[in-house]
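Going down the list, the protein sequences come from chains A and B. Quick note: the first sequence uses the numbering used here, first residue 32, plus one each step. Quick note: the second sequence uses the numbering used here, first residue 32, plus one each step.
A few of these clues could be false.
Put simply, identical chains are the same to the list, so a pair is met inside one copy or across any two.
[As the list claims (entries may be wrong)] Below, a list of computed lysine-lysine pairs in the DSSO-like style, where the Cα atoms sit at most 27 Å apart:
#: 1; residue 1: K96; residue 2: K418
#: 2; residue 1: K101; residue 2: K216
#: 3; residue 1: K216; residue 2: K48
#: 4; residue 1: K415; residue 2: K218
#: 5; residue 1: K415; residue 2: K216
#: 6; residue 1: K200; residue 2: K218
#: 7; residue 1: K216; residue 2: K199
#: 8; residue 1: K218; residue 2: K101
#: 9; residue 1: K90; residue 2: K200
#: 10; residue 1: K218; residue 2: K199
#: 11; residue 1: K216; residue 2: K200
#: 12; residue 1: K48; residue 2: K200
#: 13; residue 1: K216; residue 2: K352
#: 14; residue 1: K199; residue 2: K48
No lab work stands behind these hints: they were computed from the structure.
Number of protein chains: 2
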Amino acid sequence: MADYRSMWAELGLDLEKHDILLGALPGMYEGIFLTQDNRPEGMAYFDFVIGEIHGLRVKELMDHKASGGKVVGLFCVFVPEDLILAAGAIPVGLCAGTQFSVPDAEEVLPRNTCALIKSSFGFKVGRTCPYVQASDFVIGETTCDGKKKMYELLGQYHPTYVMEVPQKKTPLGRELFLEELRGLKAKLEEETGVTITAERLAEATALVEAKRAALRRLHNARRARPVPISGLDALLVTQVAFYDDVVRFTEKVSALCDELEGRVARGEGVAPAAAPRILVSGSPMAVPNWKLHRILEDSGAVVVGEESCTGTRYFTPAVAKNDGTLAGQLAAIADRQLETHCACFTPNDERIDDVLTLAEGWDVDGVVHYSLQFCHTFANEAVKVEKALAIRGVPLLRIETDYSDEDMGQIRNRVDAFLEMVRR
Amino acid sequence: MADYRSMWAELGLDLEKHDILLGALPGMYEGIFLTQDNRPEGMAYFDFVIGEIHGLRVKELMDHKASGGKVVGLFCVFVPEDLILAAGAIPVGLCAGTQFSVPDAEEVLPRNTCALIKSSFGFKVGRTCPYVQASDFVIGETTCDGKKKMYELLGQYHPTYVMEVPQKKTPLGRELFLEELRGLKAKLEEETGVTITAERLAEATALVEAKRAALRRLHNARRARPVPISGLDALLVTQVAFYDDVVRFTEKVSALCDELEGRVARGEGVAPAAAPRILVSGSPMAVPNWKLHRILEDSGAVVVGEESCTGTRYFTPAVAKNDGTLAGQLAAIADRQLETHCACFTPNDERIDDVLTLAEGWDVDGVVHYSLQFCHTFANEAVKVEKALAIRGVPLLRIETDYSDEDMGQIRNRVDAFLEMVRR
Numbered sequence: 032m033a034d035y036r037s038m039w040a041e042l043g044l045d046l047e048k049h050d051i052l053l054g055a056l057p058g059m060y061e062g063i064f065l066t067q068d069n070r071p072e073g074m075a076y077f078d079f080v081i082g083e084i085h086g087l088r089v090k091e092l093m094d095h096k097a098s099g100g101k102v103v104g105l106f107c108v109f110v111p112e113d114l115i116l117a118a119g120a121i122p123v124g125l126c127a128g129t130q131f132s133v134p135d136a137e138e139v140l141p142r143n144t145c146a147l148i149k150s151s152f153g154f155k156v157g158r159t160c161p162y163v164q165a166s167d168f169v170i171g172e173t174t175c176d177g178k179k180k181m182y183e184l185l186g187q188y189h190p191t192y193v194m195e196v197p198q199k200k201t202p203l204g205r206e207l208f209l210e211e212l213r214g215l216k217a218k219l220e221e222e223t224g225v226t227i228t229a230e231r232l233a234e235a236t237a238l239v240e241a242k243r244a245a246l247r248r249l250h251n252a253r254r255a256r257p258v259p260i261s262g263l264d265a266l267l268v269t270q271v272a273f274y275d276d277v278v279r280f281t282e283k284v285s286a287l288c289d290e291l292e293g294r295v296a297r298g299e300g301v302a303p304a305a306a307p308r309i310l311v312s313g314s315p316m317a318v319p320n321w322k323l324h325r326i327l328e329d330s331g332a333v334v335v336g337e338e339s340c341t342g343t344r345y346f347t348p349a350v351a352k353n354d355g356t357l358a359g360q361l362a363a364i365a366d367r368q369l370e371t372h373c374a375c376f377t378p379n380d381e382r383i384d385d386v387l388t389l390a391e392g393w394d395v396d397g398v399v400h401y402s403l404q405f406c407h408t409f410a411n412e413a414v415k416v417e418k419a420l421a422i423r424g425v426p427l428l429r430i431e432t433d434y435s436d437e438d439m440g441q442i443r444n445r446v447d448a449f450l451e452m453v454r455r
Numbered sequence: 032m033a034d035y036r037s038m039w040a041e042l043g044l045d046l047e048k049h050d051i052l053l054g055a056l057p058g059m060y061e062g063i064f065l066t067q068d069n070r071p072e073g074m075a076y077f078d079f080v081i082g083e084i085h086g087l088r089v090k091e092l093m094d095h096k097a098s099g100g101k102v103v104g105l106f107c108v109f110v111p112e113d114l115i116l117a118a119g120a121i122p123v124g125l126c127a128g129t130q131f132s133v134p135d136a137e138e139v140l141p142r143n144t145c146a147l148i149k150s151s152f153g154f155k156v157g158r159t160c161p162y163v164q165a166s167d168f169v170i171g172e173t174t175c176d177g178k179k180k181m182y183e184l185l186g187q188y189h190p191t192y193v194m195e196v197p198q199k200k201t202p203l204g205r206e207l208f209l210e211e212l213r214g215l216k217a218k219l220e221e222e223t224g225v226t227i228t229a230e231r232l233a234e235a236t237a238l239v240e241a242k243r244a245a246l247r248r249l250h251n252a253r254r255a256r257p258v259p260i261s262g263l264d265a266l267l268v269t270q271v272a273f274y275d276d277v278v279r280f281t282e283k284v285s286a287l288c289d290e291l292e293g294r295v296a297r298g299e300g301v302a303p304a305a306a307p308r309i310l311v312s313g314s315p316m317a318v319p320n321w322k323l324h325r326i327l328e329d330s331g332a333v334v335v336g337e338e339s340c341t342g343t344r345y346f347t348p349a350v351a352k353n354d355g356t357l358a359g360q361l362a363a364i365a366d367r368q369l370e371t372h373c374a375c376f377t378p379n380d381e382r383i384d385d386v387l388t389l390a391e392g393w394d395v396d397g398v399v400h401y402s403l404q405f406c407h408t409f410a411n412e413a414v415k416v417e418k419a420l421a422i423r424g425v426p427l428l429r430i431e432t433d434y435s436d437e438d439m440g441q442i443r444n445r446v447d448a449f450l451e452m453v454r455r
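Taking the hints into account, I'd like the entire structure generated from these sequences.
And the structure:
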């Protein structure tokens, strides 16, 4: 990695603390990712991206800012990346996946908050995430109580704009969300000085749609038995989608898919055909939260899908064809976002249907329901998911955890017992 | 208490379990309430109400049902009682305040759920609350993730209707809430067969407004030093407001206020004038959750106000004068409900203003911020409340707890230390 210290200093990072964070990553990454058997060659790009995690991409953002562009931070799939791109700004998913930043957060936030929220907030107050430092402002949303209220406190440290996501799927809820998109458009135009025209938005949506299409292609390649890519690698790709350059990322994923489809044609996989195939469903996993996938795949299973915001909820569905006017495009984007089957909605039975569809279509032997501790919405939905799967005879294991390593042994034991049952 | 066993059996209560629950209450109530010094005579009515907690009032509801009326359960101040009354139905706040029903809930709900939610759900699945059993359906709302998702599961055990409360205070949010009120009106009309006319609604709102006015009068009497009523008794009155007959309750509270105002005029109080005056702010307290008030007043403080849904958020503000049409009345009700400064909103700085106003107007020596464990919204707002009070030199103690008795000793110690500081 090149020397980025002056850039990090300019961004106001706590350099000493940041050194500790960054120092731990290569060994961890090597142990988890590079030791995997028969990895696709196309993963080399993603290895490079992680190697440069706080370097090259941040440099690109800084260059963009130097030439007058804006950078906008976000945490959630409900924030439309295309609207941000249409304003000539770059959307970046913010750091939120490590225990490292949790103690900084706990000096302010309630401890009974999910690790993802604490980690993201801690990155800001501890000044250890170059992405939030580089962002001109952050766009939050109201998809859960924890984030909704965290954004109020985050606003005391960093410019923060919050958009509302409705809670029931009603015509007025759609109207409200559409109005929030219009408000966000105005905010972006004000911050960037760029007018979001129908042409600009169509172009941006096409870029994001191409990215999503590439990710869906990868997702479909995982239907094969044996599966051509590990769950760890597939998860990593989706995680990187949140902050990489959209065009380059799409190219690299497409190249990876060419390779994976070749493997599928040849019947070549990363795990034995008999390896238990697991669907992970639930809360999102931000870089470097690889804990559950690692345990599952270390134990001989292979993860074939993520019904998650770092999975299917990120790349499905597509924006529908529309009349191409600004109003028509915004409505199509709103409809697309509201088809995200997030546990923030009540009821949200479409998510149950998604899990059942994935369980069948991806030839799944068992589902692991993953809830971040203190995430009320997903923890409650686990009850319904388990019931629906039981009717189909698909076993479910509920895992509720945080970012610490303390419960790794316990989770391993539970996973081993689960896989033992699944194998029979 | 008369023999209500056949009524309880008819309601499908688990009689054995219910006996244990009801058996514990009199001794507990006597120890906490009847041992207080110099209680207002007007509290005798409320003692009677608690003595008949699952008896006489439930009998009234059953008589109402026998004559063709409906009973509607609710949990939250956002559900408009007047709309329910206007349909000839009786609104009742449901049981939700005891550890007794928590284990039943934990067989289904995530353990990391607040005690209020677990208690209410446990009362249904354990069949120990005659109010929910008597209710024709329950009206839930989306004011927090925990309740929002609990209602989905509750719907598997009892008819449940959920209305959305917006999260940002925007014109579209108001429109959405108004539409939810219209939907609720239609639902009530469908369930009761009664058409809610402008006349019926005006009459019902007048009843509820008179109740709120009486509670505001009581609240204002607590400004006096010495204070004419204990915090325990005042809290009890608001708790009873949720399920008692609206007309009788209003009369009894008004009579109590006559007495309290006489006390104030004579400079007579329930505690020495020098007793530390405490405002309790935060999560609601349902019957029989008297834990914090009891500890505070046992320790020599007196609670002079509750900035809470079982306090000011229940009885302020008033419904504004309007044109008297159905549409005008509904809009005024929506505006009133949306002026409830609940932590479900983002931002919700009006609540901070309320706390500051109460701290000054009620001559408060310290504020105890009460969060039910795992209640993200209030736990987060505590950070802002504490900061705002610190600027005014008002000390704050944060208490986060559940319904168990296990932490009583620890809370006592913290309260004692806090009062020691407040007294200086």
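Verification of the supplied hints:
1. K96 to K418: Neither way: K96 and K418 sit 50 Å apart in one copy and 35 Å across, limit 27 Å.
2. K101 to K216: within (14 Å within a copy, 47 Å between copies)
3. K216 to K48: Intra 36 Å, inter 57 Å, cutoff 27 Å: neither.
4. K415 to K218: between (39 Å within a copy, 26 Å between copies)
5. K415 to K216: Neither: 37 Å inside a chain and 30 Å across chains, both beyond 27 Å.
6. K200 to K218: Answer is both; intra-copy 25 Å and inter-copy 17 Å each pass.
7. K216 to K199: both (23 Å within a copy, 17 Å between copies)
8. K218 to K101: This pair counts as within: shortest intra-copy Cα distance 12 Å, inter-copy 48 Å.
9. K90 to K200: Neither, since 41 Å and 39 Å both go past 27 Å.
10. K218 to K199: both (25 Å within a copy, 16 Å between copies)
11. K216 to K200: both (22 Å within a copy, 19 Å between copies)
12. K48 to K200: Neither. Shortest intra-copy (44 Å) and inter-copy (39 Å) distances fail the 27 Å Cα cut-off.
13. K216 to K352: within (20 Å within a copy, 37 Å between copies)
14. K199 to K48: neither (43 Å within a copy, 36 Å between copies)
Against the hints set out earlier in the document, violations occur for numbers 1, 3, 5, 9, 12 and 14.
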